[in-house]
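Now for the letters of each chain:
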Amino acid sequence: NAGVTQTPKFQVLKTGQSMTLQCAQDMNHNSMYWYRQDPGMGLRLIYYSASEGTTDKGEVPNGYNVSRLNKREFSLRLESAAPSQTSVYFCASSPSPDGTGELFFGEGSRLTVL
Amino acid sequence: QKEVEQNSGPLSVPEGAIASLNCTYSDRGSQSFFWYRQYSGKSPELIMSIYSNGDKEDGRFTAQLNKASQYVSLLIRDSQPSDSATYLCAIDPGGSYIPTFGRGTSLIVHP
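Taken in sequence, the protein lines are chains A and B. Heads up, the first sequence is in our numbering, so the first residue is 1 and it goes up one at a time. Heads up, the second sequence is in our numbering, so the first residue is 1 and it goes up one at a time.
No lab work stands behind these hints: they were computed from the structure. We put the CB at the ideal spot given by N, CA and C, even for glycine. Incorrect hints may appear among the rest.
Within a straight-line C-alpha distance of at most 30 Å, the following computed DSSO-like cross-link-like pairs (lysine-lysine) qualify [unchecked claim]:
1. B/Lys56 / B/Lys67
2. B/Lys67 / A/Lys9
3. B/Lys42 / A/Lys57
4. A/Lys57 / A/Lys14
5. B/Lys42 / A/Lys71
Residues of chain A clear of chain B, computed beta-carbon distances all greater than 10 Å [claimed, not checked]:
6. Ser31
7. Val60
8. Ser84
9. Gln85
10. Ser96
11. Leu111
Cβ-Cβ distance ranges computed for the label pairs, FRET-style [to be verified]:
12. B/Gly41 / A/Thr20: 20 to 26 Å
13. A/Pro8 / B/Gln70: 17 to 23 Å
14. A/Met41 / B/Gln31: 41 to 47 Å
Please build the complete structure, drawing on both the sequences and the hints.
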């Protein structure tokens, strides 16, 4: 009953370092998403993937890259971390275009860039 | 830019009262409307979805949609302290399956 699993849950980086956030879902969902959440800003979409092999930019893609490795996995990479990327990152999946459009979220990854 | 607006709150209600949370949106073509609950330090979880005008009830929760006025609301009856959380409104414009989230309303239910 794992649902959406994100790793790592916590990470501290120095400015300029790179890292990859991993996300995997076991619900056979088609769509996957990466959001960031900052205080007072709600959830903002970074990238999404409507199906395996496709990715598209969301509202705030600058500084990030993604990879939809297969239907289960969708990773988010920060090539050169900046303090402005300090945030909580949520991966989500959805059965869309099947289903009702509901998103299922992972537990979040809390990233601090010093 | 598709906008989803919520009052950030906090909305404070006594235990047992009705909590009313509101959300307005700018895209008239929006088709799907969702309410997520997010406890502090946790991830959002869906509590209600609504797709047509009118009311939809699920236990103590009622979602109300008025497309002509472009608002969706969530009523929580018999509010409990365990309902204290941030409530996020999410709207999927035109069936894109890419919902836009509001900034959330913080609800505090005090005993």
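We went through each hint and held it up to the structure:
Annotation: proposed proximity of B/Lys56 to B/Lys67 holds, straight-line Cα distance about 14 Å (limit 30 Å). A hinted pair counts as satisfied when its Cα atoms are at most 30 Å apart, and B/Lys67 with A/Lys9 does not qualify at roughly 39 Å. For the hint pairing B/Lys42 with A/Lys57, the CA-to-CA distance comes to about 25 Å; that is within 30 Å, so the pair holds. Distance restraint check for A/Lys57 and A/Lys14: the Cα-Cα separation of roughly 25 Å lies within the 30 Å cut-off, and the hinted pair is therefore satisfied.
Restraint check for B/Lys42 and A/Lys71: the C-alpha separation of about 25 Å stays at or below 30 Å, so the hint holds. Not every CB of chain B lies more than 10 Å from the CB of A/Ser31, the least distance being 6 Å, so the non-interface label is violated. Distance check on A/Val60: its Cβ is at least 12 Å (rounded) from any Cβ of chain B, clearing the 10 Å threshold; non-interface status holds. The beta carbon of A/Ser84 is kept farther than 10 Å from every beta carbon of chain B, the shortest such distance being approximately 18 Å.
Against the 10 Å criterion, A/Gln85 stays outside the reach of chain B, whose nearest CB is about 19 Å from its own CB. Once the 10 Å rule is applied to beta carbons, A/Ser96 is inconsistent with being away from chain B; the minimum gap is 4 Å. Residue-level check passed: A/Leu111 sits 15 Å from the nearest beta carbon of chain B, beyond 10 Å. At about 23 Å, the CB distance of B/Gly41 to A/Thr20 agrees with the hint of 20 to 26 Å.
One distance hint, 17 to 23 Å for the beta-carbon pair A/Pro8 and B/Gln70, is violated here, with the actual separation near 40 Å. The given range of 41 to 47 Å is broken by A/Met41 and B/Gln31, whose C-beta atoms sit roughly 25 Å from each other.
Of the numbered hints given earlier, the model fails hints 2, 6, 10, 13, 14; all others are met.
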